[in-house]
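Sequences listed follow chains A and B, in order.
So the first sequence is numbered by my numbering: it starts at 1 and just counts up by one.
So the second sequence is numbered by my numbering: it starts at 1 and just counts up by one.
Rather than coming from a laboratory, the hints here were simulated on the basis of the structure.
Bear in mind that the values here come from a model prediction, so they are computed numbers and not experimental data.
Incorrect hints may have been included.
Stretches of chain A that chain B covers, calculated by requiring three or more beta carbons in the stretch to come under 8 Å of a beta carbon on chain B [what the hints assert, rightly or not]: (1) 45–52; (2) 63–77; (3) 118–126; (4) 166–176.
Derived pair list, reagent style SDA-like, types lysine to any residue, alpha-carbon separation capped at 20 Å [claimed, not checked]: (5) A:K25 with B:V63; (6) A:K126 with B:V63; (7) A:K23 with B:V63.
Glycine included, every Cβ here is placed at the ideal spot set by N, Cα and C.
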Amino acid sequence: MTNDPLRIGKYTFQSRLIVGSGKYKDFAETRAALDASGAEMITVAVRRVNITDPARENLLDYIDLERTTILPNTAGCYTVDECVRTARLARAAGINDLVKVEVIGDDKTLFPDAEATLEATRILVKEGFTCLPYTNDDPIMARKLADAGAAAVMPLAAPIGSGLGVCNPYNLRIILEQATVPIIVDAGVGTASDATVVMELGADGVLMNTAIAGAREPIAMARAMRLGVEAGRLAYRAGRIPRKLYATASSPLEGVVR
Amino acid sequence: MEIRLNGEPYTCGDQTTVETLLAALNLNPERVVVEHNRTLLERGQSLARHLSAGDEVEIVTLVGGG
Numbered sequence: 001m002t003n004d005p006l007r008i009g010k011y012t013f014q015s016r017l018i019v020g021s022g023k024y025k026d027f028a029e030t031r032a033a034l035d036a037s038g039a040e041m042i043t044v045a046v047r048r049v050n051i052t053d054p055a056r057e058n059l060l061d062y063i064d065l066e067r068t069t070i071l072p073n074t075a076g077c078y079t080v081d082e083c084v085r086t087a088r089l090a091r092a093a094g095i096n097d098l099v100k101v102e103v104i105g106d107d108k109t110l111f112p113d114a115e116a117t118l119e120a121t122r123i124l125v126k127e128g129f130t131c132l133p134y135t136n137d138d139p140i141m142a143r144k145l146a147d148a149g150a151a152a153v154m155p156l157a158a159p160i161g162s163g164l165g166v167c168n169p170y171n172l173r174i175i176l177e178q179a180t181v182p183i184i185v186d187a188g189v190g191t192a193s194d195a196t197v198v199m200e201l202g203a204d205g206v207l208m209n210t211a212i213a214g215a216r217e218p219i220a221m222a223r224a225m226r227l228g229v230e231a232g233r234l235a236y237r238a239g240r241i242p243r244k245l246y247a248t249a250s251s252p253l254e255g256v257v258r
Numbered sequence: 001m002e003i004r005l006n007g008e009p010y011t012c013g014d015q016t017t018v019e020t021l022l023a024a025l026n027l028n029p030e031r032v033v034v035e036h037n038r039t040l041l042e043r044g045q046s047l048a049r050h051l052s053a054g055d056e057v058e059i060v061t062l063v064g065g066g
């Protein structure tokens, strides 16, 4: 039970929680939340340097790259070209070949553009990237992405930053049942019990950012998420009891003093 | 001469290279990635490339994000 690693391509993790690095008040808080979460992988975005006011400090200066794997994303990309270009820029940073493939289809829902995500994944897999595409909770797309060579598939629980929790557990169950690669539920988690639900369904991992960074106390929430993910994983492996409509006594029926 | 740097006009000396541009901007080459006229400069590739008027240069870095 203690040795239950998550394997994604050639990478191995002991923690099944992946955290984002956006929306923290400063890099020190980002690092403290990362430590409290126990996560071994953290997402980052690729952005233009602010030329008029170049930052003195870089996020990477705050992350222990020996024990933390960087997962660059293509957030903000709306086309296949933007996504592929951003992934190449990320890889040229020289850290690794991982990429969270993200092609957004609409700025209000931030739902992924499934068609573009699939095409970008095909291109990036061919170029040797270890691809983790962000996708809708659609079993057909999940299968196509795995078939395209994705190292893991990342369906959403709910819209990015919404905190709604798992909106369609039935679709996630179908995705998990047919999975040929790890399934990481990415986006939509609001609190620790949401993360537990995700893991109890049998997801291989969960990725979140706003649920931690947007909490009143991000570092405390990071720890809550760590425990929630661990609890859900343990419960999944332990095997829950079936749901029954009527009661079953826990104490012996014989020998009651009357 | 004028180039386009991260989508904006930027004035620099005629002998500017990618390397001297990064130095002028006080940027650590280890922490940024550069595209010169849409050509990605891979790690270890020479930054001694000369820039010409009208060139497009993108300088990106990794930032916080989900």
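Verification of the hints:
With a cut-off of 8 Å between beta carbons, the region 45–52 of chain A has 6 residues touching chain B; three or more are needed, and the interface restraint holds. Evaluation of the coverage hint for the region 63–77 of chain A: fulfilled, as 4 residues show C-beta separations to chain B shorter than 8 Å, against a requirement of three. Only residues whose C-beta sits within less than 8 Å of a C-beta in chain B count toward coverage, and the region 118–126 of chain A has 0 of them, not enough to reach three; the restraint is violated. For the region 166–176 of chain A, the proposed coverage by chain B is not satisfied: 0 residues have a C-beta within less than 8 Å of a C-beta in that chain, short of the threshold of three.
Our distance criterion of 20 Å between C-alpha atoms is met by K25 of chain A and V63 of chain B, whose separation comes to about 13 Å. Taken as a hint, the K126 of chain A and V63 of chain B pair is broken in the structure, with Cα atoms around 26 Å apart against an allowance of 20 Å. This hinted pair checks out: K23 of chain A and V63 of chain B have alpha carbons roughly 11 Å apart, not beyond 20 Å.
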